[in-house]
Amino acid sequence: MKKEVGSAEKGLVWVFVALAAMLALSALGLAGSFSDSTQADFDAGTYEGTFYNSTLGAVTLTSTRTEGNYTSRVFDAGASVNWTSISWFQGTCYGCELPNNSATETGEFAKPANMSQNVLLLHLNEGSGATSFADSSGNGNDGSCTGAACPTATSGKFNGAFDFDGNDDYLDLGNPSSLNNFGDQLTLEAWVYPTDFAVGNNAPTFIDKDWQTGFSFYFKRSGGNKGKLSAYLVTETNSYFVQSSTAYSPSKWYYVVM
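Mind the numbering: the sequence shown is residues 7 to 264 in our numbering, read in order.
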């Protein structure tokens, strides 16, 4: 299973990832210019898994989709003209990494990402042959691997990613204090690409920490729940388990959050 980026945060915070966003589409001819910049303008085009969000001023994905398309209306100049430029303007960042060092983003995201409580951020861009994986949260929770346990570098959703074979590939982050004592508030998220839910000996797992008092985030690998996104959190006083109502399909990128 490919994994690209993951983070863990204390508390509840807003995180926005722009999968697709468009503020304006314009065409410039010798006689004038045409543009899409309002609800009515964009509604003259065709949506497929997308919609125009007037609050954000952007074309965004519907809540049930991980990909989609938007086709603009035809711009008719009404005469024979020479087009000098045709372009579209992206108002929010596509493929930007989350801010490092617990910073608060100010310029790229429609809802600025506040990473002030972030305790782990793995971009997984190290490339082929890597045995050390940097924690960009500023907390120094770097991961490492040795020998056959190291994943293989591959292409990611945006930049690089790593392919874990489902048998013995894993990254070890040790047991740092900043990854303990979350209480009842914890957010885990990652970009993942499951190649096969039943490959290898283990469930496709994104992050796992101690069965007794810890957490795990993974896909079910067999039976009637195969392919369902699952997570548990166990504290000293309570335990929690959640599972998606529908199963996911392999060989697709998913942005998953618990």
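Just so you know, the hints here were simulated from the structure itself, not pulled from any lab data.
All C-beta atoms in this analysis are idealised placements derived from N, C-alpha and C, irrespective of residue type, glycine included.
Any given hint could turn out to be false.
To be verified - Label-pair restraints from in silico Cβ distances:
1) S255 x T44: 22 to 28 Å
2) P118 x G180: 30 to 36 Å
3) S150 x S43: 46 to 52 Å
4) D82 x N107: 48 to 54 Å
5) C102 x D169: 42 to 48 Å
6) T158 x K258: 17 to 23 Å
7) S245 x L62: 36 to 42 Å
8) T61 x S150: 41 to 47 Å
Unchecked claim - Taking lysine-lysine pairs in the DSS-like style, the calculated list, with each CA pair at most 27 Å apart, reads:
9) K258 x K232
10) K215 x K234
11) K163 x K232
12) K215 x K163
13) K234 x K258
14) K226 x K258
15) K232 x K215
16) K163 x K226
17) K258 x K215
18) K234 x K163
19) K215 x K226
20) K163 x K258
Checked hints:
| no. | hint | in the structure |
| --- | --- | --- |
| 1 | S255 x T44: 22 to 28 Å | violated (36 Å) |
| 2 | P118 x G180: 30 to 36 Å | holds (31 Å) |
| 3 | S150 x S43: 46 to 52 Å | holds (49 Å) |
| 4 | D82 x N107: 48 to 54 Å | holds (50 Å) |
| 5 | C102 x D169: 42 to 48 Å | violated (23 Å) |
| 6 | T158 x K258: 17 to 23 Å | holds (19 Å) |
| 7 | S245 x L62: 36 to 42 Å | holds (38 Å) |
| 8 | T61 x S150: 41 to 47 Å | holds (43 Å) |
| 9 | K258 x K232 | holds (16 Å) |
| 10 | K215 x K234 | holds (20 Å) |
| 11 | K163 x K232 | holds (24 Å) |
| 12 | K215 x K163 | holds (25 Å) |
| 13 | K234 x K258 | holds (14 Å) |
| 14 | K226 x K258 | holds (16 Å) |
| 15 | K232 x K215 | holds (22 Å) |
| 16 | K163 x K226 | holds (22 Å) |
| 17 | K258 x K215 | holds (26 Å) |
| 18 | K234 x K163 | holds (21 Å) |
| 19 | K215 x K226 | holds (17 Å) |
| 20 | K163 x K258 | holds (10 Å) |
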